[in-house]
Amino acid sequence: MSLVLETPEAVSSAPKTARKHAGALNLRNVSKTYQVDGKPLKVLQNINLVVEPGEFVTLVGSSGCGKSTILRLIVGLDTECQGEILLDGAPITEPGLERSIVFQEHRLLPWLTVSQNIALGLDASRLSPAERERTVREHIELVGLSGFEKAFPRQLSGGMAQRAAIARSLVTQPEILLLDEPLAALDSLTRLHLQQELLRIWSREKVTMVMVTHDVEEAVFLSDKVVVLAPRPGRIRKEIAIDLPHPRNRVDPAFGALRQAVIEELTH
Amino acid sequence: MQTLPTYKSQSLDIPFQLPERRIRRARPRINGQVWIAGISRIKKVAGGIALPLVFPALLLLFWWIASTWAWIPENILPRPITVVHTFGDLVSGGDLATNLGASLRRVAEGSALGVTLGLALGVALGFSPTVESWIGPSFRMIAQIPSIALIPLLIMVLGIDDRLKLFIMVKACVIPLAFTTADGIRNIPAQYLEVGRVFRLSRWTLIRRIILPGALPSIFSGVRQGLAHVWVSLVAVEVLASADGIGYLMTWGRQIFQLDVVLVCVGVIGVIGFIFDFGLRKLESGLLRWRGIGN
Numbered sequence: 001m002s003l004v005l006e007t008p009e010a011v012s013s014a015p016k017t018a019r020k021h022a023g024a025l026n027l028r029n030v031s032k033t034y035q036v037d038g039k040p041l042k043v044l045q046n047i048n049l050v051v052e053p054g055e056f057v058t059l060v061g062s063s064g065c066g067k068s069t070i071l072r073l074i075v076g077l078d079t080e081c082q083g084e085i086l087l088d089g090a091p092i093t094e095p096g097l098e099r100s101i102v103f104q105e106h107r108l109l110p111w112l113t114v115s116q117n118i119a120l121g122l123d124a125s126r127l128s129p130a131e132r133e134r135t136v137r138e139h140i141e142l143v144g145l146s147g148f149e150k151a152f153p154r155q156l157s158g159g160m161a162q163r164a165a166i167a168r169s170l171v172t173q174p175e176i177l178l179l180d181e182p183l184a185a186l187d188s189l190t191r192l193h194l195q196q197e198l199l200r201i202w203s204r205e206k207v208t209m210v211m212v213t214h215d216v217e218e219a220v221f222l223s224d225k226v227v228v229l230a231p232r233p234g235r236i237r238k239e240i241a242i243d244l245p246h247p248r249n250r251v252d253p254a255f256g257a258l259r260q261a262v263i264e265e266l267t268h
Numbered sequence: 001m002q003t004l005p006t007y008k009s010q011s012l013d014i015p016f017q018l019p020e021r022r023i024r025r026a027r028p029r030i031n032g033q034v035w036i037a038g039i040s041r042i043k044k045v046a047g048g049i050a051l052p053l054v055f056p057a058l059l060l061l062f063w064w065i066a067s068t069w070a071w072i073p074e075n076i077l078p079r080p081i082t083v084v085h086t087f088g089d090l091v092s093g094g095d096l097a098t099n100l101g102a103s104l105r106r107v108a109e110g111s112a113l114g115v116t117l118g119l120a121l122g123v124a125l126g127f128s129p130t131v132e133s134w135i136g137p138s139f140r141m142i143a144q145i146p147s148i149a150l151i152p153l154l155i156m157v158l159g160i161d162d163r164l165k166l167f168i169m170v171k172a173c174v175i176p177l178a179f180t181t182a183d184g185i186r187n188i189p190a191q192y193l194e195v196g197r198v199f200r201l202s203r204w205t206l207i208r209r210i211i212l213p214g215a216l217p218s219i220f221s222g223v224r225q226g227l228a229h230v231w232v233s234l235v236a237v238e239v240l241a242s243a244d245g246i247g248y249l250m251t252w253g254r255q256i257f258q259l260d261v262v263l264v265c266v267g268v269i270g271v272i273g274f275i276f277d278f279g280l281r282k283l284e285s286g287l288l289r290w291r292g293i294g295n
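So the protein lines, in turn, are chains B and Z.
Position one of the first sequence corresponds to residue 1 (this note's numbering), numbered consecutively onward.
Position one of the second sequence corresponds to residue 1 (this note's numbering), numbered consecutively onward.
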């Protein structure tokens with residue numbers, strides 16, 4: 001397979017089951033404090049962020065700026081915070097199927113095959129067994145894992161496992177997909193390739209994506225908006241719009257300028 | 001056993017073939033190489049069977065030398081051949097079958113009850129902090145008392161019939177099984193439980209797809225330990241207080257100073273215990289195929 005980008009236009013001609021709609025996310029004055037040895041430690045301070053439906057937003061920042069905490073709050077695994085987190089206007093109080101997440105570690109269950117792992121996402125859905133099977137198969141195709149339905153996670157490479165994890169998180173047809181450094185543990189070539197795959201999936205599935213990454217180039221390559229966070233306490237330093245058309249060219253001067261702008265904010 | 005590197009290729013993350021479908025290369029047809037390959041294969045297979053037998057063979061040799069040269073008087077250490085003859089007599093006379101049958105029936109009862117109770121208690125301890133705080137410490141204390149130490153007391157209460165044996169076996173099985181099961185359930189990685197929350201799994205799916213399979217390796221090692229304890233403790237009770245069973249046969253042999261009978265019993269006890277463990281290990285590697293061991 002070559003590194004040539006499948007353009008979003010080229011693949012959008014094969015529409016899948018249409019999503020109801022992509023989610024609009026709104027964080028208002030979100031702050032969070034942990035208690036460490038009885039002392040309060042502020043991890044997030046007045047985070048204000050609007051993510052439009054269908055937008056691809058990345059959060060970048062050094063360790064300790066609360067990037068992952070933000071995702072955990074949005075997905076509902078963590079609910080203790082001040083401020084408001086609204087999805088399509090409704091406050092988030094617990095995990096829900098309209099939100100899904102891909103973790104840095106793939107978190108596939110080692111005792112389930114790829115199909116079974118992906119089907120796990122459909123547990124709470126009301127699909128018939130035949131529809132379930134079809135949905136699982138479609139998503140295996142979507143992430144390019146056909147032929148590996150019966151493989152166990154230990155038989156997959158890191159990149160393939162992460163593809164399976166992406167399929168599992170999309171099978172619920174979420175409005176918003178959260179990605180917590182999903183490519184950080186992969187080697188650089190696999191990583192480049194999966195970046196393209198993410199773009200393809202994003203344009204085809206029309207899902208809102210919020211991704212956390214350390215990698216500035218990845219952020220500029222993928223997103224509509226890069227949110228630069230400052231650490232201790234985690235707060236938003238700057239939002240930088242990336243208005244380059246896809247497919248993006250990493251050696252394009254405009255691309256370089258935006259990447260430089262993000263780096264300057266990070267090292268500010 | 002196949003070992004697969006998690007990292008498949010330098011190049012892009014393209015699906016690769018699964019090992020099952022690996023293309024088999026034709027081996028070069030050069031006679032010498034085929035021979036060498038053949039011999040090394042025989043060595044490999046034979047090594048797997050032969051190596052574990054080296055130590056018993058040496059022990060047997062030592063026994064044979066010791067008894068032949070009468071380092072130890074023959075009425076204390078009978079010759080290997082005498083033991084083999086005694087084994088034959090005990091088999092043809094039906095003594096071994098009768099007593100072993102009695103023991104195995106007890107083991108079946110003790111294991112069935114012990115495994116059931118052990119799993120139930122383990123699941124309760126693992127899932128419910130309330131159960132753990134009420135009875136966990138008491139069970140941990142009871143676990144410190146060897147089953148055999150309870151026998152003198154229990155003979156007074158339960159007599160020397162099957163109730164005593166059942167009680168001892170169940171105690172011996174329940175304790176390790178309940179604790180390993182509870183630990184297995186409690187030690188499911190939090191990451192997997194979070195996956196369950198994100199996908200809003202029903203309680204039943206959570207148990208069936210995440211908790212149970214995650215705890216299964218611990219449960220299995222608990223069952224193996226539990227059943228080993230059942231067998232060992234049963235033999236101990238039979239030696240101390242019984243009117244039949246393999247342990248009784250051994251005591252009887254000692255009382256009439258026929259140590260060849262004792263040695264036959266020792267051998268049979270060891271072999272039966274080994275077979276239990278071997279069978280359970282096979283079952284385990286079959287059920288836990290996802291771990292990729294033993295296949």
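I should point out that these hints are in silico values taken from the structure, not numbers from a laboratory.
Keep in mind that a hint or two might mislead.
[Stated by the list, open to error] If the Cβ cut is set under 8 Å, some of the chain Z residues that face chain B in the computed set are:
{"hint": "1", "residue": "L60"}
{"hint": "2", "residue": "L61"}
{"hint": "3", "residue": "F62"}
{"hint": "4", "residue": "W64"}
{"hint": "5", "residue": "A66"}
{"hint": "6", "residue": "Q191"}
{"hint": "7", "residue": "E194"}
{"hint": "8", "residue": "V195"}
{"hint": "9", "residue": "R200"}
{"hint": "10", "residue": "L201"}
{"hint": "11", "residue": "T205"}
{"hint": "12", "residue": "R208"}
{"hint": "13", "residue": "R209"}
{"hint": "14", "residue": "S285"}
{"hint": "15", "residue": "W290"}
{"hint": "16", "residue": "G292"}
[What the hints assert, rightly or not] Between beta-carbon pairs, the in silico distance windows are:
{"hint": "17", "chain 1": "B", "residue 1": "D37", "chain 2": "Z", "residue 2": "R289", "range": "44 to 50 Å"}
{"hint": "18", "chain 1": "B", "residue 1": "V36", "chain 2": "Z", "residue 2": "V271", "range": "55 to 61 Å"}
{"hint": "19", "chain 1": "B", "residue 1": "S62", "chain 2": "Z", "residue 2": "G273", "range": "30 to 36 Å"}
{"hint": "20", "chain 1": "Z", "residue 1": "G279", "chain 2": "B", "residue 2": "R134", "range": "55 to 61 Å"}
If you're wondering where the values come from, they're calculated on a predicted model, not measured in any experiment.
Each residue gets a CB set at the ideal place from its N, CA and C atoms; glycine is no exception.
**Request:** For B:D37 and Z:R289, compare the CB-CB distance with the range 44 to 50 Å and indicate the outcome.
**Result:** holds, 45 Å
**Request:** Under 8 Å, Cβ to Cβ, is where Z:A66 needs to be relative to chain B, so tell me if that hint holds or is violated.
**Result:** Where the cut-off is 8 Å and the nearest Cβ of chain B is about 50 Å from Z:A66, the hint is violated.
**Request:** Given the range 30 to 36 Å, decide if the beta-carbon distance of B:S62 to Z:G273 lies inside it.
**Result:** Roughly 58 Å apart at Cβ, these two residues miss the hinted range, so it is violated.
**Prompt:** When the nearest CB of chain B is found for Z:G292, is that gap smaller than 8 Å?
**Reply:** holds, 5 Å
**Message:** The hint names Z:F62 as touching chain B; please verify it with the least Cβ-Cβ distance against 8 Å.
**Reply:** violated, 44 Å
**Asked** Is the hint on Z:V195 kept, meaning its closest Cβ partner in chain B is under 8 Å away?
**Response** holds, 5 Å
**Asked** Holds or violated: 55 to 61 Å for the Cβ distance of Z:G279 and B:R134?
**Response** violated, 41 Å
**Status of the hint placing Z:E194 at chain B (closest C-beta pair under 8 Å)** = holds, 6 Å
**Request:** Go through the hint on Z:L61 and say holds or violated, using the shortest Cβ distance to chain B against 8 Å.
**Result:** With Cβ-Cβ at 44 Å, over 8 Å, it is violated.
**Request:** Closer than 8 Å between Cβ atoms is the bar; does Z:T205 clear it against chain B? Give me holds or violated.
**Result:** holds, 5 Å
**Item:** Closest C-beta approach of Z:S285 to chain B relative to 8 Å, hint status
**Value:** violated, 13 Å
**Per-residue hint verdict: Z:R209, partner chain B, C-beta under 8 Å** = For Z:R209, the interface hint holds, since the closest Cβ of chain B sits about 6 Å away, which is under 8 Å.
In this structure, the hints that do not hold are numbers 1, 2, 3, 4, 5, 12, 14, 19, 20, in rising order.
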